[in-house]
Amino acid sequence: MATAALEPAVDRAALLEFLLRIGDNALILGHRVSEWCGHSPALEEDIALANTALDLIGQTQLWLGLAGEVEGKGRSADDLAYLRDGYDFRNILLVERPNGDFGKTLMRQFLFDAWHYLLLKALKGLTEKRIAEIAEKAFKEVSYHLDRSRDLVIRLGDGTAESHRRMQEALDDLWPYTGEMFAADAVDAALVEAGVIPEPQSLKAGWDEIVAEALTEGTLKKPADGYMHKGGRRGVHTEHLGFILSEMQFLQRAYPGATW
Amino acid sequence: MSSEWPLWEVFIRGQHGLNHRHVGSLHAPDAEMAINNARDVYTRRNEGVSIWVVRSSEITASAPSEKGPLFDPSNSKVYRHPTFFDIPDEVGHM
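Protein chains in written order, with this note's numbering: chain D, 29 to 288; chain Z, 51 to 144.
Hints listed in this document are in silico derivations from the structure and should not be mistaken for laboratory results.
We treat Cβ as the ideally placed atom computed from N, Cα and C, and that holds for glycine.
Check the hints yourself; a few may be wrong.
[Stated by the list, open to error] Here are the simulated DMTMM-like cross-link-like pairs (lysine to aspartate or glutamate), alpha carbons at most 20 Å apart as the crow flies:
1) D:Lys132 <-> D:Glu245
2) D:Lys249 <-> D:Asp186
3) D:Lys168 <-> Z:Glu97
4) D:Lys149 <-> D:Glu161
5) D:Lys152 <-> D:Glu227
6) D:Lys165 <-> Z:Glu97
[What the hints assert, rightly or not] Negatives, chain D to chain Z, calculated, CB over 10 Å:
7) Trp64
8) Asp129
9) Asp175
10) Asp179
11) Glu197
12) Trp288
[What the hints assert, rightly or not] Footprint (simulated), chain D over chain Z, 3 or more residues, beta carbon under 8 Å:
13) 72-84
14) 90-104
Turn these sequences into a full structure, and let the hints steer you where they fit.
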């Protein structure tokens, strides 16, 4: 990948925080989705989910690679993925939710994809070239992720009574984790000011539209916006993240520097 | 679950200018999903620029028992091969 210089005026600490947030979202969701490998209800779905997981892990390498560069302490993407502890992770809580059944995994994917799509679309056109380049590449992959998860949410929502019930339950269960996607703090404010990221709230209208359209078509009822769980973006996670990390990081922790 | 889905034959065009080639089959509930599944199953290594899918049940095949009458007669028609022309060197490999 061509390496343009980073914009010198941008606050390095804020930039690092943002890169960890977007990179950790991809990493943790990628790992979650990879848990389906060999367990999906059909061979075709198994491969499709594995592809999605691999896309996300590929994006993680780019985001965390840049994060390591910005941090300037010589840490690689692998170091950041495998050698940080839970409170150092910055992913939103939605992506660490357990897979549940196939429908719930797809609902989580759809809610995330719709936002991820809009975020990357906005990042592509902003000033920080290194970020725009990664966003450009990831956007194509995520456009397909969204097409697929939206399609399946509609099909399963508007499918049998059983599939409809499961999708509605998944939606109700995951909805309180969607608010964190649009939360903003001082880090976001600094980067919005510098023209590096879009205002998080500015993605909400587009997300509402994509989600509402799919839910209507899938005969699913959008839950009311009530209490929204937050914390992942500042390192306060649910108990689920620890289990993910213990599995994901085991090898590097037990055999430091192991390669194959 | 997948056994309830119909079978689809998948054809991929590897490059512009080439024909679609049969690459295999898969299960899917309808054509749109068959295309998606084909993308995920058969084009993971950058194999394609275009996908066709068709319900396997829509394909009419010649019967193996008809093999003799259908194909044997052309065995002895050597004059149908364009091997009796002199090809100029400039044409190169054909």
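Hint check results:
Under the criterion of a C-alpha separation no larger than 20 Å, the hint pairing Lys132 (chain D) with Glu245 (chain D) is consistent with the structure, at around 18 Å. For a cut-off of 20 Å, the pair hint linking Lys249 (chain D) to Asp186 (chain D) stands: about 11 Å separates their Cα positions. Proximity of Lys168 (chain D) to Glu97 (chain Z) is assessed by CA-CA distance (about 17 Å); at most 20 Å being required, the pair is judged to hold. About 11 Å separates the Cα atoms of Lys149 (chain D) and Glu161 (chain D), which keeps this hinted pair within 20 Å; it holds.
For the suggested pair Lys152 (chain D) and Glu227 (chain D), the alpha carbons sit about 14 Å apart, so the restraint of at most 20 Å is met. Straight-line distance between C-alpha atoms of Lys165 (chain D) and Glu97 (chain Z) comes to about 19 Å, which keeps the hinted pair within the 20 Å bound. With a least beta-carbon separation of about 13 Å from chain Z, Trp64 (chain D) lies farther than 10 Å from that chain, consistent with its non-interface assignment. Once the 10 Å rule is applied to beta carbons, Asp129 (chain D) is consistent with being away from chain Z; the minimum gap is 13 Å.
Taking the minimum C-beta to C-beta distance to chain Z, about 8 Å, the non-interface status of Asp175 (chain D) is violated against the 10 Å cut. Non-interface status of Asp179 (chain D) relative to chain Z is broken: a Cβ of that chain comes within 10 Å, the nearest being about 7 Å off. No beta-carbon of chain Z comes within 10 Å of the beta-carbon of Glu197 (chain D); the shortest separation is about 19 Å. With 10 Å as the threshold on Cβ separation, the claim that Trp288 (chain D) sits away from chain Z holds: the shortest Cβ distance comes to roughly 21 Å.
A stretch counts as covered by a chain when three or more of its residues have a beta carbon under 8 Å from one of that chain; for the stretch 72-84 of chain Z and chain D the count is 6, and the coverage holds. With 3 residues having a Cβ less than 8 Å from any Cβ of chain D, the stretch 90-104 of chain Z passes the three-residue criterion, so the hint holds.
Of the numbered hints given earlier, the model fails hints 9 and 10; all others are met.
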